[in-house]
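Asks: Please take these sequences and the hints and turn them into a complete structure.
The chain contents come next:
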Amino acid sequence: MAVFDKIDPAVRRETGYIALCTLILSAVMEAVFLIAGRWGLPVLLGNILGAAAAVLNFLLMGLTVQKAVDREEAEAKASMKLSQSVRMVMLFAVAAAGVGLSIFNGIAVIVPLFFPRVAVAVQPHTPWGDRQDGGDGD
Amino acid sequence: MLELAIGIILGCCALGAGVAMIAGIGPGIGEGNAVAKALEAIGRQPECRGTVTTTMLMGCVVAETTGLYALVIAILLIFVAPGRFVKILLENVK
Numbered sequence: 001m002a003v004f005d006k007i008d009p010a011v012r013r014e015t016g017y018i019a020l021c022t023l024i025l026s027a028v029m030e031a032v033f034l035i036a037g038r039w040g041l042p043v044l045l046g047n048i049l050g051a052a053a054a055v056l057n058f059l060l061m062g063l064t065v066q067k068a069v070d071r072e073e074a075e076a077k078a079s080m081k082l083s084q085s086v087r088m089v090m091l092f093a094v095a096a097a098g099v100g101l102s103i104f105n106g107i108a109v110i111v112p113l114f115f116p117r118v119a120v121a122v123q124p125h126t127p128w129g130d131r132q133d134g135g136d137g138d
Numbered sequence: 001m002l003e004l005a006i007g008i009i010l011g012c013c014a015l016g017a018g019v020a021m022i023a024g025i026g027p028g029i030g031e032g033n034a035v036a037k038a039l040e041a042i043g044r045q046p047e048c049r050g051t052v053t054t055t056m057l058m059g060c061v062v063a064e065t066t067g068l069y070a071l072v073i074a075i076l077l078i079f080v081a082p083g084r085f086v087k088i089l090l091e092n093v094k
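Quick mapping for you: the protein sequence lines, in order, are chains A and B. Residue 69 in this note's numbering sits at position 69 of the first sequence, and the numbers go up by one each step. Residue 62 in this note's numbering sits at position 62 of the second sequence, and the numbers go up by one each step.
Check each hint, because a few of them may be wrong.
Unchecked claim - Here are the simulated lysine-lysine pairs, DSSO-like style, with alpha carbons at most 27 Å apart:
#1 B/Lys87 to A/Lys6
#2 A/Lys6 to A/Lys81
#3 A/Lys81 to B/Lys37
#4 A/Lys67 to A/Lys6
#5 A/Lys67 to B/Lys37
#6 A/Lys81 to A/Lys67
Unchecked claim - Restraint ranges, calculated between C-beta atoms of paired labels, are given here:
#7 A/Ala52 to B/Val93: 38 to 46 Å
#8 B/Lys87 to A/Pro124: 39 to 47 Å
#9 B/Gln45 to A/Arg38: 46 to 54 Å
#10 A/Asp5 to B/Ala41: 20 to 28 Å
#11 B/Glu47 to A/Leu101: 46 to 54 Å
#12 A/Leu101 to B/Met1: 31 to 39 Å
What the hints assert, rightly or not - Chain B is nowhere near these chain A residues, computed Cβ spacing over 12 Å in every case:
#13 Leu23
#14 Ile24
#15 Ala36
#16 Arg38
#17 Pro42
#18 Leu82
#19 Val109
Just so you know, these hints were derived from the structure itself, not from any lab. No experiment lies behind these values; they were computed from the predicted model shown. We treat Cβ as the ideally placed atom computed from N, Cα and C, and that holds for glycine.
Replies: Structure follows, in structure tokens:
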């Protein structure tokens, strides 16, 4: 896959870790909804939307960082600010769609947006946290 | 009078959402500074590029969470709060 080859190995590995953690935490959230007796199709759809947005947000941030490290300092700063603004608009649109449309459960859309933060918090306690070499082999 | 009260509620909710989104500026500045410092580090030690990128990515996620909190508060103030407040107002009027 030529597209994936262009992605920095460090970004690819971390995105994989975030995606895996998001998947696990999504399953936990679905289980909580099921136990609470509030599970339904809107919860599942909302979870899919929120989790996809969270992983896409991280991937886009990683791609921006990857490009920014090859640029000049001022240019890198500006590109990160622009990227953050655009991603925030994307997340706002996703959260607004999740809360505003009845086919999604609002809570199930918003909660997965915080899963990457949880994944970062638990990373030191996982095998990913033990790797200090950056994994790009250079 | 009731219309005015509802208008004030809606206006204050919209104003609150706008003020909450001011917090969305912070992560952009923070991430920009993090990348700038990472560039300095990579410039000094190019062999640490992978490690620096990984650490910076994780730091950016932490910084971005602040913006997400603001985003959630803004969404709640726009979509959820007006309905609840107007409902409470109408119940008290009756």
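Asks: All the hints need checking, so say for each whether the structure fits it.
Replies: We went through each hint and held it up to the structure:
| no. | hint | in the structure |
| --- | --- | --- |
| 1 | B/Lys87 to A/Lys6 | 53 Å, violated |
| 2 | A/Lys6 to A/Lys81 | 23 Å, holds |
| 3 | A/Lys81 to B/Lys37 | 15 Å, holds |
| 4 | A/Lys67 to A/Lys6 | 11 Å, holds |
| 5 | A/Lys67 to B/Lys37 | 15 Å, holds |
| 6 | A/Lys81 to A/Lys67 | 13 Å, holds |
| 7 | A/Ala52 to B/Val93: 38 to 46 Å | 43 Å, holds |
| 8 | B/Lys87 to A/Pro124: 39 to 47 Å | 45 Å, holds |
| 9 | B/Gln45 to A/Arg38: 46 to 54 Å | 51 Å, holds |
| 10 | A/Asp5 to B/Ala41: 20 to 28 Å | 26 Å, holds |
| 11 | B/Glu47 to A/Leu101: 46 to 54 Å | 49 Å, holds |
| 12 | A/Leu101 to B/Met1: 31 to 39 Å | 34 Å, holds |
| 13 | Leu23 | 17 Å, holds |
| 14 | Ile24 | 17 Å, holds |
| 15 | Ala36 | 19 Å, holds |
| 16 | Arg38 | 17 Å, holds |
| 17 | Pro42 | 15 Å, holds |
| 18 | Leu82 | 8 Å, violated |
| 19 | Val109 | 9 Å, violated |
This entry does not satisfy hints 1, 18, 19, going by the numbered hints stated previously.
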